[in-house]
Amino acid sequence: MTADPRAADGRTAVPLDPSLAPPGTRGFRDAGGIPADRWHADQNGETLVPTHCCFCGVQCGMYLRVDHGGKVFGVEPRNHDINRMRLCPKGINAYQQVNHPDRLTAPLMRRSRDEDLREVSWDEALDFTVSEIKRIQQAHGRDAFGVLGGASLFSEKTYLVGKFARVALRTRHVDYNGRLCMVSAAGANKLAFNIDRAGNPFADILLTDCLLLAGANVGECFPVLTQYVWGARDRGATLIVVDPRETAVARTADIHVALKSGTDSAFFNSVLNVVIEEGLTDEAYLAAHATGWEEVKAEVAQYPPSRAAEICGVPAEQIVQVARAFARAPKAMAFHARGIEHHTQGVENCLSVINLCTATGHIGKPGAGYGTLTGQGNGQGGREHGQKADLLPGGRSILNEEHRRQICEIWGIEESELPAAGTSMMEMVWQMQRREIRGLIGICNNPFVSLPNYAVVKEGYDTTEFHAQFDFFLSETAANAHVVFPVTIWAEDEGVMANAEARVVKHNKAQEPPAGVRTDTWVMCEIARRLGAGDKFAFGSSREVFDELRRASAGTIIDYSGITYERLEETGGISWPCPSTDHPGTPRLFEDGTTYHADGKIHMQVVEWHPPADPYDDAHPLTLTTGRTVAHFLSGNQTRRLGALVEQTPRPWAEIHPAHGFRNGEPVRVVTRRGSEVFPALVTEAIRPDTVFIPYHWPVPTAANALTIDALDPRSKIPEYKVCACRIEHAAEIDEVPAPPVAPGHVAYPETQVSRTDPLPPTAPQGRGTSERS
Amino acid sequence: MMGRTIFIDPGRCIGCQACVSACRECDSHRGKSMIHLDYTDEGSSVASLPTVCMHCEDPVAPCAEVCPADAILVTADGVVQQADTSRCIGCANCVNACPFGVPKIDLQAKLQMKCNLCYDRTAYGLAPMCATVCPTGALYYGTLEELQAERPGVQVADTFVFGESEVRTGVAMVVPAERVRWPVPGGLPVVEVNGKDVRR
Ligand code: SF4
Ligand code: SF4
Ligand code: SF4
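Read top to bottom, the protein sequences are chains V and E.
Going by the numbering used here, the residue at position 402 of the first sequence is 402; the numbering climbs one at a time, nothing skipped.
Going by the numbering used here, the residue at position 189 of the second sequence is 189; the numbering climbs one at a time, nothing skipped.
Mixed in with the good hints there might be a few duds.
Unchecked claim - Examples of chain E residues toward chain V, derived with CB under 10 Å:
{"no.": "1", "residue": "17"}
{"no.": "2", "residue": "48"}
{"no.": "3", "residue": "127"}
{"no.": "4", "residue": "138"}
{"no.": "5", "residue": "153"}
{"no.": "6", "residue": "163"}
{"no.": "7", "residue": "164"}
The set of hints was computed from the structure by calculation and includes no laboratory data.
Where a beta carbon is used, it is the ideal one built from N, C-alpha and C, also for glycine.
Kindly generate the complete structure, drawing on both the sequences and the hints.
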């Protein structure tokens, strides 16, 4: 199916097929599917604005329904070729954020943490912020101030975060919450292919004969992708799921490998071992397109199925089965997500999957290749243009002199003024604890819920002398800040995001921001102006930032120079690299077998399995692992306020196997070396007996991340969320779920902001909870 | 079975409740969801099963048949409507008669509520909300031919036996069949990305 039909000037994206047209659109359907102003469909005062979902890396197309007063009031599915009308519960309810009573509508401020936050004028908040930046930087050096961005921001804004930190603040300390998401996959892809993105579009899933999902809970984290997975299955493709839990996709898989968390690379090494033993490698492909094969071969010889079976806690026959299914398939694909990436060997886990794809020649063909599923909407785009500690726009390295010179020329600064590489998000928190970083601006992130080892995070932020936070709801982190800037929500500005396919899509503005709310772009530019760098930040709109971003990316691998807002509206999305305005974009990589390394080869890397960072002992014999639930998104700041989603999953639980002798709903205390918390037990056979699972969207005292360890992958610096040692005990009472914080002067949204003390696990999706029996 | 109808395929359902949220968004029930989502074997499986109104055809829908106030209208195209609010007396006879457990009573309003196949949408040729958004296609709206074109070899049932009585329904269920293997690629429409045919 082609993308939505459009008007001659390329502004419209309105479906023509009457069976798919949204309601209230008959007027323009009769007029040939093109509304009067060629963009807005207008009938009975209702306007449909085509845009995308603000949540995960699938980036489903949707229409926002806008009433005659210009306010967003509903959603209508949109026939975009990514999602073909489908939406998950988060997407359906997303619009309720826009005019939610908890929206921040005035800056909040306090001069010290002893005071309460109070509403102040923009001038007062900005003046205080700027004077604190100057004070801290004069006293302790420029690097004593840091910036932490977010991957839910449009790419324009993430570009601006990087430029703001380095040009306005001139600090080396800038990083972003994508560091918690898929930097392991990024690191592996850079090492192997020298390009940081998935190799294939989602549509390739429909063409494959064997689909391997590793550590990817597609049913809950990317529900709309299941239509591709089921599509492949309908056509007889073999489905292999590697996951310690029986997820909804694992339930229907041909092979479900329920391995022990933290043993993924041993498993994939062993699969490759069997592939070699059985003579199923694609030697011609390897000879022509890969380096490092001999070394990899020698290493994987150490992983016969008998040994891997012991490490991974799965039957050896299963390893053989997987190897045969994947290697014998005419076309096979591997997708992975946080399950194998959130580890101290996250990069290596991804590399072991890439080695398997390479050795079997399943790369760069329709229905054959690899992909990584981004958790955040702009998880892909958010790291491309300089928001990451070591990257400049276009994925240039901040350590490379040539790259530095190129960017300084565009930014109009001397190369000597451009700071060096900074440190990662978790490392910045450690630096805050040590008073090396004394001031911080956080932009649309919520580390109080999302970073591991909460006690350390809280101490780091509390030690900080000045902390400002941008957000549209008062997150747990913002509630601890000195200044909170109320900024726009996704539907109040335009901009682009890159989804998990590296397809750049455009979000459109559906309503004006409420009075008192400014765009993140405006706030960053205004602070920069007050710091004396106004000439470098004379941006009036996202479009102006995007034009500079395009120029800044030209000539790099992450080339956006051929992508324009107009083309995005016309095509429904373009995958980078797209070096010129007549270039169609690059949905699939390596079709001619060449990678982005100078020699054009895939650089296979030796992977040696090592155990996770937190050792097991008699006091901590079990594995704690964390993840998401379908109704909530990341730190929950956006979804814990939406009635339907709260009702669907009001609180976290500890998922345990019946072997431990708990009854469903009984209080279970989960203890790790970081602390302990009590959850209702969700007793299910769908988890390994040696594993405990807690969804992480809630703050303390029901935060999975009060228990997880802040050990990092040495290369990607991603925390090891997916495995730490724990034990479980019977407890007397279940910890109460705190309501999200509300700004002073605001009234809590009554339907959602109630403590959840119900002792039973929630009505949870996927049969894990107790279903509503009304 | 109606021409265009909903097909339910529990084998695809991931229990995500997108259908539940979507039904709340449709105009005919204003904030209330008409879907029942059951987790069939809690504690040992993650399986889930959505139930919408089955829009019984034969004999007359049991709910309509027992309604003393004649409030439940069956339209010519086979859609069993929600009880007419000007007639419904809230007696819950329909609740007891329905073999699928579909109608609900709004106790405050003393009125029956049930899925009406999104008549506000389907009457205009639009798909019902739940089947539109269902990310997995566990709820599918279309004709049997369209379903079979997308899912080769799919088998459906529209007749259900309850003890002595048999009910034929307008909505059909996908039933397990011998797994058929088909050559790849099949006929699903997503074959283009950025205007480029990705099958080649
Ligand atoms: S939307 Fe579809 S997959 Fe999700 S619960 Fe409903 S029927 Fe199941
Ligand atoms: S399923 Fe129940 S409510 Fe629906 S038509 Fe049949 S009897 Fe009536
Ligand atoms: S068809 Fe419409 S009314 Fe019926 S369950 Fe689906 S969304 Fe609700």
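So, going through the hints one by one against the coordinates:
no.: 1; hint: 17; verdict: holds, 5 Å
no.: 2; hint: 48; verdict: holds, 5 Å
no.: 3; hint: 127; verdict: holds, 7 Å
no.: 4; hint: 138; verdict: holds, 9 Å
no.: 5; hint: 153; verdict: holds, 8 Å
no.: 6; hint: 163; verdict: violated, 24 Å
no.: 7; hint: 164; verdict: violated, 28 Å
In summary, the numbered hints that this structure violates are 6 and 7.
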